[in-house]
Amino acid sequence: MQKIMRSIKKILKQNPIIIGCFFILVLMGLLCLNRFWSSITNEESTVITKDLERENTIEAFEKPDELLVYELAALVHKDLDLCIRGCSVDEDWLGQDFAGIIDEAEEFSYTTTIPPANQYFEYQPISFSEIIEQHTMSYEYFQNILGHKKSVNVKAIGIVLPEEQNTAEYQLYSRKLCKTWGSNAVCEMVALVEADGTAYQVSFTVMQYGNGYWKVFRFGSSLLDTKGDDFITESTQEKFDEITGAAKVDTFITALEKKQDSDKEEAKSDKKKVKSYKHPEKQILSPNYSITASLYGESAVDTIGKFILALQRKDSQKAMCYGMTDSRTADMDSVTTELIEKQGTFSREMQLFYYELVTNNKFSETSESLLSLNKTGAGIASELSPENIPYLNVAGVVSADEEEDDNQYIAVYTFDGNIYMSGYTMCESENGWQIESLSAEAAGLSSGEVRKITDKKYHELLD
Amino acid sequence: MQIEKKITREMANRIFEVAYLVMLAMYTGFYFLNTTTFEMTWSTYFYSNMRIGLLLIIFARASLAEEYKLKEIAGCILVALVLLVAWEHNGFDELRDIVLLLVGAKDISYKKILKVYVGVVFVLLSYTMISALTGRIDNLIFRQDGRRARIAFGIGYPTDFSAYIFYMVLAVCCLRKEKIRYIEIGMIVLLGIFVYMFCDARLNTICLILVAGVMFYHKLRCSNAEKRGEEYEMNAIFSMLLALSATIFAFIMIGLSMLYSTDNKFLLLADRVLNNRLRLGKKGIDLYGFSIFGQQIPMIGNGGSTKQPKNYFFLDSSYLSASLRFGILAFGALLLILLVIAFRAREKKKWTLLWMVALMSLQCVVEHHMTDVSYCVMLYLFASDMTEVCRTKGTIKWFRRKKYAKDNALN
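Top to bottom, those sequences are chains A and B. Note that the numbering used here has the first sequence beginning at 1, numbered continuously upward. Note that the numbering used here has the second sequence beginning at 1001, numbered continuously upward.
Everything hinted at is true.
In silico DSBU-like cross-links for lysine-lysine, where the CA-CA straight-line distance does not exceed 30 angstroms:
| no. | chain 1 | residue 1 | chain 2 | residue 2 |
| --- | --- | --- | --- | --- |
| 1 | A | LYS362 | B | LYS1307 |
| 2 | A | LYS258 | A | LYS227 |
| 3 | B | LYS1265 | A | LYS457 |
Computed far set for chain A versus chain B, every beta-carbon distance over 12 angstroms:
| no. | residue |
| --- | --- |
| 4 | ASP90 |
| 5 | GLU133 |
| 6 | ASN407 |
Hints listed in this document are in silico derivations from the structure and should not be mistaken for laboratory results. Where a beta carbon is used, it is the ideal one built from N, C-alpha and C, also for glycine.
Using the sequences and the hints, build the whole thing.
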């Protein structure tokens, strides 16, 4: 041992630079360790429930009537997961023409449409959650009307007012809709369903995407003046026949696709064969959504800090995890409506939070005309850019009401040359702290509100 | 009598050495002018042509080398490999430029390199200052809350201007060494006061005053040793610490930034002293994290315009900036470069150079110029010749002798 120590000393005396190299290697090792530690402690921000683990049997439906058979089977069997898989989710947020929607409406408010997620990926989890929440609400409506029935059978599927859908006026409307949502074609359809002896019509708007697959765009039909919360009405065979006429679904869709091909500059010379499935109700489509995991902080302030850090890292999916209050997603068998609604509610608050911050409170939840705003849709879209969020600085987090221990906090930020505050209502569970809501009633801050404050107020809050 | 038209190896070596120094001057000038408010429009291929020229000079010098020391070649290859791989991943061109300038400087006298740097920066800085003061170019004056007016004298930001002064002073001190006169030391102090009065660059002022203090102390020690008839020898442990200064400061700065928390009073105080560098460093680590090969980190600083940016995020410390942006491997290579320069200076008893490297390492705690081509002349000394013989005058005499011999032969 002494010999070794002596020889080491000798080497170091002859080459003292080895000491420096050693320290540099130690420093590099520590940095690598820090990186490694960050990667292993990085928790997953989405979970796969047992429902979502189900492997798909097909990629997509190429016939809309088969899609509706599948969708109705999912609704009847109370399978929310399969129901959402049949609906357009990624297609909506990817294909949305945000500026076009605003221009068309000629007004803007924070709730006019889902955020422009195809332009700014930070909004993707928010748009995503809002879309699947919308489909879930329709699913819930179906369950409320027909869910308690003993037997529900699909009798027929048809096209809603086919002559109407062939008119130039509707063609123009459908083309606008396709352009707004990035689809190839749109078709309004209706199913005749018998539940415990009573006939109902269930209407849908379906869209064709990509290389010819169909998804349910919305529950309801504009031609029948039904939307997501009233798309089921009592009916009879005669009424149904009157609505659908003699038009066969296959013939109508083929004609619709031909019309769509003739509009394109190069007509498809080799039309591929449309796949058909004998028992579409037994198929499983591939999963097209995810569920936000639940993450916790060690304290209320720690949770708020982690939430803001996730936003600064442009990881809004992770930020959302701190708002999934005690949802216990890890060991769940099936996706529930409560879970998706919770996700949707918090994502709306986050949307408001983002909008208020990046636009400097320029807009509001109340609709204002584009004329009064002096903006176009594209102008509004560019105002909503969250690219500067990484520069957000948290100046401090204080209790909203020190006298009452009600877990409400105010965070003060500096951003874009201004000072802001926003509220947090926190809740504690056995796993830690989470954000119940982005509000602090004690301080008069509503959900998602971000309020600009003066220097004086800033010092009042933090000193 | 027939005149031999052959160029000897020695002649070729000297020619390419001069060519390298010209390229160094061009690179320094190019990068310097890009930091000024001159509206520069370079021709499309100017930069890439410069790079090609430098590459050719490197190949030529390598092929003319008479001997290759394995340790030196291995060191150059290792450093070049790491920096170039990192450059490929992260896209920061300064890494590639540092490699070229560093490898190209092999066996060239460190004094010549420093003289070229001082000459170029002095001339360009003087011209820039005069142009700014006479209104030929924008003279940015920054007025920030709680601070006096800060003048940039034609450079993009006042602290960048003061950093040029600092690095020039470092280079001059390395050249003057203990021969520096007290009046020159006084001038360094005056420069420190100047940058404080007109640029309000507090940290660079402290660094300049430290340089003056160190040179005063070193001169004193050297003259005392001379009076005793001895050669001044720095304390071994102290010189070791100076040689390790870059690594030590890197540890301290990165460590403090990682540990920074508003709950810790000491760190809050340190952050206030360092002008929020710990807070911003911590933010950079939290947001982007360390990576092996580096990453692009969007930063918004105060330079280039007197308009206060709405959002501010700038990694001022070279150690944090390099480790986060260039990656762990490239950062290690940069520290190794400084380590090798410092230990070579220690080995060859170049105490002034050792001090200057240590002071530069200190300045890098608060400034981001460690890898800025127009500032980091010290890095190019990695493989340079550190013997005392500076053959600038010798080179000119040598050419004159050759010409004289040729003319004689012709006659």
